[in-house]
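In the order they appear, the protein sequences are chains U and H. Each residue of the first sequence is one higher than the one before, starting from 0 at the first, in numbering that gives the first Met the number 0. Each residue of the second sequence is one higher than the one before, starting from 0 at the first, in numbering that gives the first Met the number 0.
Don't read these hints as lab results, they were simulated from the structure. Even glycine gets a Cβ: it sits at the ideal position worked out from N, Cα and C. Hints should not be assumed to be uniformly reliable.
[Stated by the list, open to error] Under the rule of at most 25 Å between Cα atoms (straight-line distance), these lysine to aspartate or glutamate pairs were calculated in the DMTMM-like manner:
1. H:LYS55 x U:ASP160
2. U:LYS142 x H:GLU47
3. U:LYS139 x U:GLU44
4. H:LYS15 x U:ASP57
[Claimed, not checked] Residues on chain H that point at chain U, a partial pick, calculated with CB under 10 Å:
5. ASP30
6. ALA31
7. ARG39
8. SER50
9. ASN63
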Amino acid sequence: MTPGDAAVPTTLSLQQALFEYALRLGDTSLILSHRLSEWCSHAPELEEEVALMNIALDLIGQARALLTYAGEVEDKGRDEDALAYHRDERDWRNLLLVEQPNGDFAQTMARQFLYDAFAVEFYGALRQSRDERLAAIAAKALKEVSYHLRHSSQWVLRLGDGTDESHRRMQHGIDELWQYTGELFRMDEVDRMLIAAGIAVDLEALRPAWNARVGDVLSEATLIRPADAWMQDGGKLKGLHSEHLGRLLAEMQFVQRAYPGLRW
Amino acid sequence: MSSRDWPLWEVFIRSKQGLDHKHVGSLHAADAQMAIEHARDVYTRRLEGVSIWVVKSSDIHASNPDDKPAFYDPAEDKVYRHPTFYTVPDAVKHM
Chain U
0 MTPGDAAVPT TLSLQQALFE YALRLGDTSL ILSHRLSEWC SHAPELEEEV
50 ALMNIALDLI GQARALLTYA GEVEDKGRDE DALAYHRDER DWRNLLLVEQ
100 PNGDFAQTMA RQFLYDAFAV EFYGALRQSR DERLAAIAAK ALKEVSYHLR
150 HSSQWVLRLG DGTDESHRRM QHGIDELWQY TGELFRMDEV DRMLIAAGIA
200 VDLEALRPAW NARVGDVLSE ATLIRPADAW MQDGGKLKGL HSEHLGRLLA
250 EMQFVQRAYP GLRW
Chain H
0 MSSRDWPLWE VFIRSKQGLD HKHVGSLHAA DAQMAIEHAR DVYTRRLEGV
50 SIWVVKSSDI HASNPDDKPA FYDPAEDKVY RHPTFYTVPD AVKHM
């Protein structure tokens, strides 16, 4: 938390906070899902492609539940599709980490692993939410992300502790993305209001478990944990994204932008 | 197929009601753990199973089709090997 945050006056209603919270989670799942879907027909092996698409579909399921809930909380008639396809870049609240390009397969696995290690802790904690909808979504999501973590951890281990070439690529992927991991734990007044209401998860409390898990896997994979230097910020809390999100949205939203309300 | 490809594995799945694992197909994987995970993703997407076995295809040894006459034909005229060949005396209950 930067000192500036505390100065922001709290004019937020609980309803607005809950909408924002569900949006941040739903957007993160949807954008990560879309990134994974870009591997469709390009994955290194057919079996691995099926695995990646399974994960992408799990994430779409989470996004649908969360964005539908966000729309209901907002109560302005926006459903999951309106939120997914008719919002511009600045209105997106996903983590910067998940919008980063796939890079090579190692970088995709690095991104997935850094996120999965967080998601397992996060959804585990969100099951205790006083908000029944979020608790139910978390209970379902936890089973899914546990498998995703297993999958991505195995790849970090295989590639990190594999050949010189795979080790180099895995280390590169981790190094490239490390600057986006600080945002996983960033919070603002939305979080603080909902934590006080017993609804949200205190992200700072998840950091030791995330650090331990990531540290264990990286060291077993003979990879070097990057130093915690400057961390990128602003996507989840403020809608300030890297240049990559715009292009992703252009592709993801094209059909609904060109033919609004189209069904098939 | 080049030697750089992952080896082939045979996949056996036990369904919820099933008592035994049944062969469902094959897939490529670098090792047994990856084969089990791939099998989960490829063959249990629609709740087909609750248990998975994988066996390296190269570890399966099969009978030779050319041996068929020597292997199986001699059993054709041995009807007494079937329990139905025998008449059970009336005095024997619970058979």
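Going through the hints against the structure:
no.: 1; hint: H:LYS55 x U:ASP160; verdict: 23 Å, holds
no.: 2; hint: U:LYS142 x H:GLU47; verdict: 18 Å, holds
no.: 3; hint: U:LYS139 x U:GLU44; verdict: 28 Å, violated
no.: 4; hint: H:LYS15 x U:ASP57; verdict: 23 Å, holds
no.: 5; hint: ASP30; verdict: 9 Å, holds
no.: 6; hint: ALA31; verdict: 12 Å, violated
no.: 7; hint: ARG39; verdict: 8 Å, holds
no.: 8; hint: SER50; verdict: 16 Å, violated
no.: 9; hint: ASN63; verdict: 30 Å, violated
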